[in-house]
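Can you build the whole structure from these sequences, using the hints too?
To convert, count from 1 in the sequence shown and add 81; that's our numbering.
Heads up, a few of these hints could be off.
Unchecked claim - Here are the simulated DSSO-like cross-link-like pairs (lysine-lysine), alpha carbons at most 27 Å apart as the crow flies:
1) 344 <-> 329
2) 325 <-> 349
3) 349 <-> 329
4) 255 <-> 325
5) 285 <-> 329
Unchecked claim - The calculated label-pair distances, taken between Cβ atoms and stated as ranges, are:
6) 200 <-> 127: 23 to 31 Å
7) 284 <-> 83: 19 to 27 Å
8) 377 <-> 290: 26 to 34 Å
9) 169 <-> 420: 52 to 60 Å
10) 290 <-> 327: 16 to 24 Å
Since the hints were derived computationally from the structure, they do not count as laboratory data. Since this is a predicted model, take the numbers as computed values, not measurements. Virtual Cβ for every residue (Gly too), placed ideally from N, Cα, C.
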Amino acid sequence: MSLKLDWKRTFPEDCIITGFKHESESIFFNLYCSSNELDVAVNVNNGRLTIKEQREPGLLGTFEFREHLFIATCYQGLGNRLWYRTCRGVITRFHCQQNLCILATLSKDRVLEASILDKNGETLETMKYNNVLDFTIGSSRDILALSISGLDIDYSRSILIDLSTMNIVDEIEKFGGQIVSTMDHVAVYGFKEYGLTHTKFFDKRGEEVLEIEGIPYFPPYNPLPIPIHERLKFPTNIIVVGDKHNVKIINPRDYSIIFAYTKMPFTKGIFDVDLEENTLISLLNLMGKPVLIKHDIRGVVDWVSHIMREVSYLVSSRNLVALNTRIFGGETRIYRVMDRKLIHIDSFGSNTIPIVINEDSVILTNDRLVTRYIVE
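Shown next, in the form of structure tokens:
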């Protein structure tokens with residue numbers, strides 16, 4: 082078995098991919114370029130590329146550590162620097178979306194100073210919080226969020242900002258933790274009373290639409306309850322929430338529970354969900370060794386992988402599995418399902434991720450290239 086290149090499309094050199102979604106026979110990419118943002122459609126079957134829309138680029142934030150200083154830099158358009166800030170502290174995080182940025186720095190005495198900045202670098206609002214253990218920043222296309230984990234639950238909080246009005250729409254006290262976000266959703270999970278982990282989901286207006294016990298997963302591109310990729314926004318096809326004993330499959334459109342099942346022991350992540358066959362691909366930690374298992378909601382196993390370390394993304398069909406690992410700077414591996422095992426076919430290098438897969442082909446991308454391979 083081998084892979085044969087079917088087609089390849091290259092995006093402009095001054096563009097990077099910041100989001101995508103797959104619908105029917107097209108993949109829609111959001112490209113962040115030096116002078117604009119482009120929405121382009123690529124046909125799955127022949128690779129034909131069509132430009133759908135172009136608009137003024139939003140803000141893009143990066144930060145680096147240099148000589149005991151954190152340097153946060155804001156760009157409008159790839160490579161077009163608007164301004165920068167220098168910060169001193171234990172932790173600094175910087176995140177931009179549309180026309181707003183949040184710059185937050187945690188000092189040695191556990192005081193967090195967070196500033197909301199506009200495209201000109203002017204401070205719209207500054208907030209200070211004491212007794213902060215950690216914090217995260219995340220965003221969807223409509224909401225910018227800051228969530229704080231305090232040394233005690235009384236010092237935890239979550240702040241939500243509407244990007245269209247540039248106003249704080251909600252500040253939730255005594256609840257904060259990790260933010261996991263996609264193109265359309267922002268979820269915050271953290272501890273509540275009695276040590277239970279709860280997740281709150283927010284809609285595009287920043288309003289809370291669901292609170293549920295457990296930890297959120299957004300398979301296949303956020304299968305672990307951590308923000309895997311800060312810049313690239315993935316589509317939300319299904320929401321999964323896992324608590325200590327159960328896994329709940331949630332419809333992302335109305336947040337209704339589609340079905341629930343008893344969680345397999347030692348489950349660490351949910352990598353794929355097939356609603357037609359009621360099967361899942363789960364990451365299990367068996368005797369300290371991570372393995373992938375495809376099973377149905379009754380626990381009947383379809384296949385089991387060998388030891389799989391540092392897996393971050395996975396897409397699958399009945400016959401093929403394509404996964405991305407964070408080892409070696411990022412590597413994508415393609416497997417064929419045979420005899421209830423995964424047989425390795427080929428591997429691809431750094432920064433390549435799988436995005437669409439069917440019975441005999443897989444589509445991969447990095448920042449500037451989209452390719453389709455057929456399994457022979």
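(message) Between the alpha carbons of residue 325 and residue 349, is the straight-line distance 27 Å or under?
(response) holds, 11 Å
(message) Given a hint of 16 to 24 Å, does the C-beta separation of residue 290 and residue 327 actually sit inside it?
(response) holds, 20 Å
(request) Quickly compare the C-alpha distance for residue 255 and residue 325 to 27 Å and report which way the hint goes. (result) Holds, at about 22 Å.
(request) Sort out whether residue 329 lies within 27 Å of residue 285, counting only the CA atoms. (result) With a Cα-Cα distance of about 22 Å, the restraint between residue 285 and residue 329 holds, given a limit of 27 Å.
(request) Could you tell me whether the CB distance from residue 284 to residue 83 stays inside 19 to 27 Å? (result) With a Cβ separation near 46 Å, residue 284 and residue 83 fall outside 19 to 27 Å, so the hint is violated.
(message) Can you tell me whether the CB distance of residue 200 to residue 127 sits inside 23 to 31 Å?
(response) violated, 39 Å
(request) Mind checking the hinted window 52 to 60 Å against the Cβ distance between residue 169 and residue 420? (result) Distance hint for residue 169, residue 420 holds at roughly 58 Å.
(request) Below or equal to 27 Å on CA atoms is what counts here, so check residue 344 against residue 329. (result) holds, 9 Å
(request) For the pair supplied as a hint, residue 349 and residue 329, confirm whether the alpha-carbon distance does not exceed 27 Å. (result) holds, 15 Å
(message) Looking only at beta-carbon atoms, does the pair residue 377, residue 290 fall within the given range of 26 to 34 Å?
(response) With Cβ atoms ~29 Å apart, the hint holds.
Violated hints, in rising order: 6 and 7; the structure is consistent with all others.
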